[in-house]
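Protein chains: 2
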Amino acid sequence: MAATETLTAERILEATEEVLRRHGPAKATVVDVARALGVSHGSVYRHFRTKAALREAVTKRWLDRTSEALAGIVADTSRDPERRLRDWLAALFEAKRHKAGDDPELFATYVVLTGEQGRAVAEHLDDLTGQLTRIIEDGVAAGVFSSDDPAATARAVFHTTGRFHDPQYAPEWKDPRTDADFAAVVDLVLRGLRA
Amino acid sequence: MAATETLTAERILEATEEVLRRHGPAKATVVDVARALGVSHGSVYRHFRTKAALREAVTKRWLDRTSEALAGIVADTSRDPERRLRDWLAALFEAKRHKAGDDPELFATYVVLTGEQGRAVAEHLDDLTGQLTRIIEDGVAAGVFSSDDPAATARAVFHTTGRFHDPQYAPEWKDPRTDADFAAVVDLVLRGLRA
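Residue numbers (UniProt numbering), protein chains in the order written: chain D, 1 to 195; chain F, 1 to 195.
Bear in mind the hints are in silico, worked out from the structure with no lab data behind them.
Be a bit skeptical, because a hint or two may be false.
For chains that are exact copies, the list does not tell them apart, and a pair is met inside one copy or across any two.
[Stated by the list, open to error] Below are the DSS-like pairs computed for lysine-lysine, each with C-alpha atoms no more than 30 Å apart in a straight line:
(1) 174 with 96
(2) 99 with 27
(3) 99 with 60
(4) 60 with 96
(5) 99 with 51
(6) 51 with 27
(7) 27 with 96
(8) 174 with 60
(9) 60 with 27
(10) 96 with 51
Sequences and hints are given; from them, build the entire structure.
Structure follows, in structure tokens:
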């Protein structure tokens with residue numbers, strides 16, 4: 001990579017992802033990342049003080065890609081709350097299924113990393129259930145959903161649909177029945193939410 | 001063990017479970033099982049033709065213990081369908097949580113075995129969703145549940161509650177929020193089923 005380019009955190013994270021893809025999470029080192037960027041490992045440490053901090057940041061970046069894509073659906077009030085909730089759940093499932101199917105090695109790498117990064121995962125789950133909470137609140141305000149506690153309901157919706165976003169189930173997503181199973185679960189949950 | 005006792009399949013399976021608990025699924029052999037029973041390995045092979053058949057039978061027995069306990073709830077028509085469904089889901093969760101918490105080594109052993117025994121697991125899941133189907137059919141007949149296809153609805157109910165019976169989630173079952181999470185999911189699902 002051209003040494004004249006400024007070494008940004010984002011450039012380091014891109015290189016880290018590529019190194020993780022190539023070497024796997026057990027073997028990837030900060031020296032590999034520095035070598036891929038044509039810089040010293042000291043330069044990498046100026047942005048990420050430890051290898052653990054770098055692994056956490058790259059995991060967070062991967063998780064945030066999903067939540068950022070979904071935030072647009074939450075904000076799109078031109079769609080009614082039921083439509084937004086269906087689209088949000090479908091988009092979450094599609095995002096996960098694509099990550100798992102398009103690049104299985106990178107997906108497996110991130111499954112290992114998320115297993116290590118409890119705090120980054122907890123923040124990600126809070127972010128996603130926070131998005132769901134906003135859709136449910138809008139539905140309650142519009143009189144189409146019923147919930148005494150939208151945050152608790154959001155958590156329940158997230159848990160009921162876990163089969164279609166929890167990476168543990170990735171092998172099941174190739175099952176030909178999966179799309180019908182997903183539709184049946186979403187219909188049941190939406191019926192449960194209606195006022 | 002007294003050699004005068006008749007060597008039944010059930011006695012072999014009991015001994016196999018004990019051997020698995022002691023040696024773990026990777027190391028347990030048919031010779032260990034025969035030794036624990038004080039018989040020749042030929043005697044064991046007369047009941048189970050291969051080591052694989054023995055492992056499948058012991059896995060099936062472990063899975064069947066759960067389904068047999070639940071069958072009583074399905075048959076108890078003195079309870080209305082909603083009550084039966086709530087009790088069934090709670091009993092399934094309790095059974096799994098007990099298996100995981102009371103004897104973690106044996107539970108870990110069976111998690112390995114179920115990973116190998118795809119057919120036994122598929123039959124077990126069919127058995128459980130079949131039980132759910134009967135409760136839902138009774139609810140539809142009584143006019144309290146709504147479903148065009150009770151078998152598909154049963155599958156959806158099973159999937160929405162996976163967090164509370166799929167052994168993959170066993171580590172989460174110690175989380176202090178788990179009981180509240182389970183109650184919220186069951187309430188949401190029951191609302192979705194109501195006619």
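Unmet hints by their number, sorted upward, for this structure: Those not satisfied: there are none.
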